[in-house]
Every structure is written in structure tokens, then in C-alpha cells.
Amino acid sequence: SQELEQSPQSLIVQEGKNLTINCTSSKTLYGLYWYKQKYGEGLIFLMMLQKGGEEKSHEKITAKLDEKKQQSSLHITASQPSHAGIYLCGAVGAGGTSYGKLTFGQGTILTVHP
Amino acid sequence: GAVVSQHPSWVICKSGTSVKIECRSLDFQATTMFWYRQFPKQSLMLMATSNEGSKATYEQGVEKDKFLINHASLTLSTLTVTSAHPEDSSFYICSAKDRSNTGELFFGEGSRLTVL
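Respectively, the protein sequence lines represent chains A and B. For the first sequence, the numbering used here assigns the number 155 to the initial residue and increments by one for each residue that follows. For the second sequence, the numbering used here assigns the number 82 to the initial residue and increments by one for each residue that follows.
Treat each hint with caution, since some may be false.
[What the hints assert, rightly or not] Not the full set, but computed from the structure, chain A residues with beta-carbon under 10 Å of chain B:
1) 158
2) 196
3) 198
4) 266
Note that these hints are calculated values from the structure, not bench results. Using N, Cα and C, we set each Cβ at its ideal position, and we do this for glycine too.
Chain A extracted, bound-state conformation (with noise of 0.2 Å):
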């Protein structure tokens, strides 16, 4: 099955510094998504991406897909304490008993210091 790895577990900032999560798969990527979430709630999309070498941005979050590397980062630029939070990458299985299932990494939680 497919194993995603985020890196870090945790990372605390002061605000206004940028930062960078990754995500490595150990299989290749077909498709690989961004959420943030606060514990106890639901799941805040933030970007797929599906193409290798893709990139993405919105507001102050840019997310990469290095797809021959089989990983993607997430970095965030001048960041707010509402960045904080839980930050979750999950990747689509591509074929046999993964087809279609969409499983996530460990989670990097993100503290932001005013």
C-alpha cells in the first residue's frame, strides 16, 4: 500500500517567517492533496495537484508536486497565526487494492507565534 511521510511532525514559527512541509510517497504520485485541519473539525482543502513538476498557489500557500521524486511541499510565506494548524497530505492509490483510495501522511502540526 501506499506509505506518505511527512516531514516535519511538528514545526513552530514566528509569525511573519516562511516555512516548508514535505511529503514524500513511497510510491509514485498520481495525485496528491493538501488539507489543513484543526483537530476535532473537518478538513480545509487547500490544493491538488495531478501533473509532475505542477504548482500551485493561493493566498500565501504555494504546494509543488515533484512527481519523479515522489514528492510534493507545501510552503507557506510570511505566515499568520491563522496558518496554524494541522497540515495533511494525502495521496490517491493508483492501482490494485489502492485504486482510488485516498490515504494520508502523519500530519505536521504548525504552531505560528504572534
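Take the given structure of chain A and dock chain B to it, following the hints.
Only chain B this time, still in chain A's reference frame:
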């Protein structure tokens, strides 16, 4: 955008009782829905894939007789936690895939189950 509704958002029950959680796609049809479980400070763990009109596919280690899944229509999947015990207390989230969409998944707001 597409909306997935979960109900109830939170539920408290006594040990030994069964609890049903509903997941509805409000403005699209979903042939496939996924059920996840999340413990505090942990990520979402896929429990099962719910397929409309057929049996659910369970992940390894998930008891199908414990977590009954029914996907009777293109807009509704239910998860029933049977004979609930305190260790079943968790946050359960469903997601649905729009049958007319190429990839995006939509998540419910989650249901917090507390078993006393």
C-alpha cells in the same frame, strides 16, 4: 462548492450500544465514499471504502462486523459502530468522490464519538 454533510457532529453513548453516523453528499452523487478515523494528535486513518450498491472494502485491521457500512444510495453512506466500547471513542470523518469529477474529494465535518 460541493458539500458533504455528516450527522451527528457529536454523540455520546453508553458502552454496549450501537451508534450510526450518516454521511451525505448534498449536491452531487458519490459512487464512492471513504470513512476515516482520527485519534487526538494523529492523522486520519482510512477504515473502509464504501461503494454504492455493493459491500464496503475494509482496510486491514478494521473489523467489518464492528464497523458496519452501508451505501444504499448515491448520496448516503452510513457507518454503524456496533456494541461500542470506550476504545471506539474517536473522531470519524467521511469523504465522498463526485462521480462526475476527475479527482476532487469532499470531506464531511466529522463526527466525534464518545463512549462512556
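Run through the hints listed earlier and report the numbers of any the structure violates, in increasing order. Hint check: 4 fails alone, others pass.
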